[in-house]
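One-letter residues, chain by chain:
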Amino acid sequence: MKRLLSISVLLAIAAYAGVCSAEEVAAPTVNKGDTAWVIVATLLVALMVIPGLALFYGGMVRAKNMLSVLMQVFVIFSLMAILWALYGYSVAFTEGGAFFGGFSKAFLKGVTPESMAATFSKGVYIPEYIYIAFQLTFAAITPALIVGAFAERVKFSAVLLFTIIWFSFAYLPMAHMVWYWAGPDAYTDAAAGEKAAATAGFLFQKGALDFAGGTVVHINAGIAGLVGCLLIGKRIGYKKEFIAPHSVTMNMIGASLLWIGWFGFNVGSNLEANGLAALVFVNTLLAAAAATLAWVGAEWVIRGKPSMLGATSGAIAGLVAITPACGWAGPMGSIMLGLVAGAVCFWAVTSLKHVLGYDDSLDAFGVHGIGGIIGALGTAVVANPALGGTGVWDYVANAVAEYDTFTQFCSQAWGVGIALIWSGGVSFVAFKIVDLAIGLRVSEADERQGLDVTEHGETAYNL
Amino acid sequence: MKLITAVVKPFKLDDVREALSEIGVSGVTVTEVKGFGRQKGHTELYRGAEYVVDFLPKAKVEVAVPDGLLEQAVEAIVKVANTGKIGDGKIFVTDLEQVVRIRTGESGEEAL
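Those protein sequences? They're chains Y and Z, same order as listed. Residues in the first sequence are numbered consecutively from 1, following my numbering. Residues in the second sequence are numbered consecutively from 464, following my numbering.
Just so you know, the hints here were simulated from the structure itself, not pulled from any lab data. The C-beta atom is built at its ideal place from N, Cα and C for all residues, glycine as well. You may find that some hints are simply not true.
[As the list claims (entries may be wrong)] List of simulated lysine-lysine pairs, BS3-like, C-alpha gap at most 30 Å: (1) Y:K64 with Z:K472; (2) Y:K64 with Z:K523; (3) Z:K472 with Y:K240; (4) Z:K465 with Y:K240; (5) Z:K472 with Y:K305; (6) Z:K548 with Y:K305; (7) Y:K240 with Z:K523; (8) Z:K497 with Y:K64; (9) Y:K239 with Z:K503; (10) Z:K553 with Y:K234; (11) Y:K305 with Z:K497; (12) Z:K497 with Y:K240; (13) Z:K503 with Y:K305; (14) Y:K239 with Z:K497.
[Unchecked claim] Among the chain Y residues that face chain Z by a calculated CB cut under 10 Å, a handful are: (15) M60; (16) K64; (17) T94; (18) A244; (19) R303; (20) G304; (21) K305; (22) L309; (23) G310; (24) F346; (25) H354; (26) D363; (27) T454.
Chain Z extracted, bound-state conformation (with noise of 0.2 Å):
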């Protein structure tokens, strides 16, 4: 099993949500979160006082998928939530070792 790990733009968090439901992933957890990367920030004025905004707010997504749906889920959320621009966010693959499912305590990938 994996953990994939997804920074995107926050308005390609739907379709994100919805290219992996097509795909048969069955749930997803979003936190808003903010950083930076090669887009780094932008400036703000007010009433002349310049202020330099370094994080920027970003949509993470965490997924656990079986290792035969990896690919897949990969390839669908670099296929929607590109833009070609920079600021576009990065997907991290992680081993997963357990998974359980609190109501009926199964684990292992019958959780996912």
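One chain only, chain Y, in its complex shape (with noise of 0.2 Å):
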């Protein structure tokens, strides 16, 4: 939810055109090159899921899981899709109360060709439906991440029942926190944007920063994971058998893929073709490239040896870390970002884990929550025009409004305290309901020969 873009050359041509205030100047259009670049941009965030998720997490289970794993995220994404059109895209972004939205649009009602969403610049705006498709594939991605902290033991229907519920009462209250708000035509003077700030999302009215879905996606997904992971117990004979990822080849095809698709999820995020989304594109690049090289860098001085899975493992880390703050932060900053994501995650899942002990199967907190936490509170950080963000722009000010970091710092840890308290707890309660309702993890022996054969009948290599 970036708020900087100048407005300078609408005001010209209103000013030659004789129109004096900026409302009139504001008259709604929809911007061709935009809505090309977010259709695109849904595309990608798309890919990230299926296949670049499915893949990144397929390969680092064994074997006999892959299917599971690659079934796990691609109804995951499909199921995500229908209820996101039946009542999610209503309950995340209509006007309600500060923690859910309304059902005002529940199956897309009254929503047409004609139908515009407001973008990040005054008059600016895209079709409605492109909005709700992009919005669609975050909703899809989320509860996806979550599958890796408990993958190779749980029950396909379980994993399906705990997504519907957390979906509904994590997900969406979260998205509606962070991104709900009435869009920038409603900021005309001070008193009005007063009345629009009173409709916005709960941690959209304390401040917190999260450009494209640090706390919404990452933290969110990642605590769900750690619930689950403490919750659901380890996987039979880890740390005793010999439990390596099946095709590091296979996780490389998804980490790239996400790397790429990520240029969707980040730079869509702006919902323009602009400057600024160049911006966001440098950014987003450099901090991954950055975290690539830092996982690396400490692996190979720490354990000798640098590895392929710390590569990817690296690179989705700081990608994770730039999400919130790729809008506000400069290159440099997202270089900075970048660096300690891709340390302070390698140190998350090669020591803090083992220290705690729980079996987070493919690090979905190690790598998304903890990175999640970084960026967000990063973000306070980079964003400071001091150290060559952009600073966050007064839409009633039109102008970029002044910075302090601690300010800031404290609202961005509004969001991941909530993001933590919030997600957690749901998860915790939606866990315990699918596990009195119909179990979590597969039998022993199932989990022994696999899921592949025992929950989907098939086998991932009939070579």
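With the hints as a guide, bring the two chains together.
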């Protein structure tokens, strides 16, 4: 949710036309370039999930569980798409309370090809249908991230039931709290701005910045994963048997697709194809590259060898960390954020996890949770104009607002805290409900045989 | 007749086959196997999780030869499969009581 955009060109045209008030200038228009970009960005985010995330995760499990991971990701994507259209979009992106939206657009009621969704520039809109589809892909990838924490031991039916509950009571309110606002055109003057601000989501009102989903997607999914792997327990043979990735090659293909798709995720979140979009692009690229180097470097020094799995893990950690910050950081700030995320996430998955003793199979918490927290808090630092950031746009004053790192840090901490507590709490209850209703884990015999045959009746590789 | 069972490094398999062909051995059976000897295994690290890989892949070559060819065959294998490094493998020789060619029903050395 960035607020920085010059409308000076519009104002110049307005002045020339003899129109004096900004409100009249801001007659809603749909820009074809923006629309085309958001359509492409939506495809890129879909590519992140299928097959990107599916292969990234699938490569890390044993061959006997490959299809179970691919299926969980693929079917979650489809299930979330339907729920998003039925009620998800409405609950997340219509006016309601500070925590949940309303049902006015349930079943996409009232949306037509002429409907428009606000961007971050006054008077600039995109078709609402593509905004719905773009946001749909975010809602679809987030629950799919969680399954990495308890891969190789959970019933397929349990995954789906948990996902439905978690999507409804954790994802939708987080998206509403962080992202819902009345749009830039509501901020015509101080009084109107105040009135508009009061209708925004809880964390938006707190001033928490989350450009593309650091809290909504990554911390949200990461903490759900941590709660899951704590409640579900370790895989049979964890730390006793050889539970190594069956294909680091697949993992690398998946990570590369995630990296490419992330340009849709971050740059698409700008909703407009403009100069800021280009900055977001550069930031995303640099943070991922820096985090790759940091992880590989740390591994090389501490463990003796630089690994492929370390490189892919580092890239994802950097992408996660830059996600909330990408619209406010400068390129050098992005590199710093990436370096920190790569090194800290390396520590989290190689040391912290073993000290605390939980089995987060594919490090959903270690990479997405920890990386998300670093990114959310780090946003306060790298957004500072004094450190090459863009600062935060004031839509009433139509200028960059004064920036105070500490104030912003507190706002960011609100975002992190609410995400951890809310999503952690909802996850705990949801896992308990699923456990009582249908049971979370497969039987020991099934787990030993592998979920592909026992849950899906197929084998990944009939060689 | 003797049965030679040679466990060698997989990348030496082609050399072994060629060397045996040259001295007139007419057929071998090859199996991909795993095992350990003095070489022991190695460790692999995945995101900090350390696994000791105890069994290393080897190729097992089984050759049946007439007594007269035994020494030559063993020498040939030792010569080409030797890298001088630990893990080159071993050769086992056992007595072979009978051999039958299924297609013709021939038996003994004629069937080799």
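Kindly indicate which numbered hints from before are broken by the structure, ordering the numbers from low to high. 4, 10, 16, 17, 27
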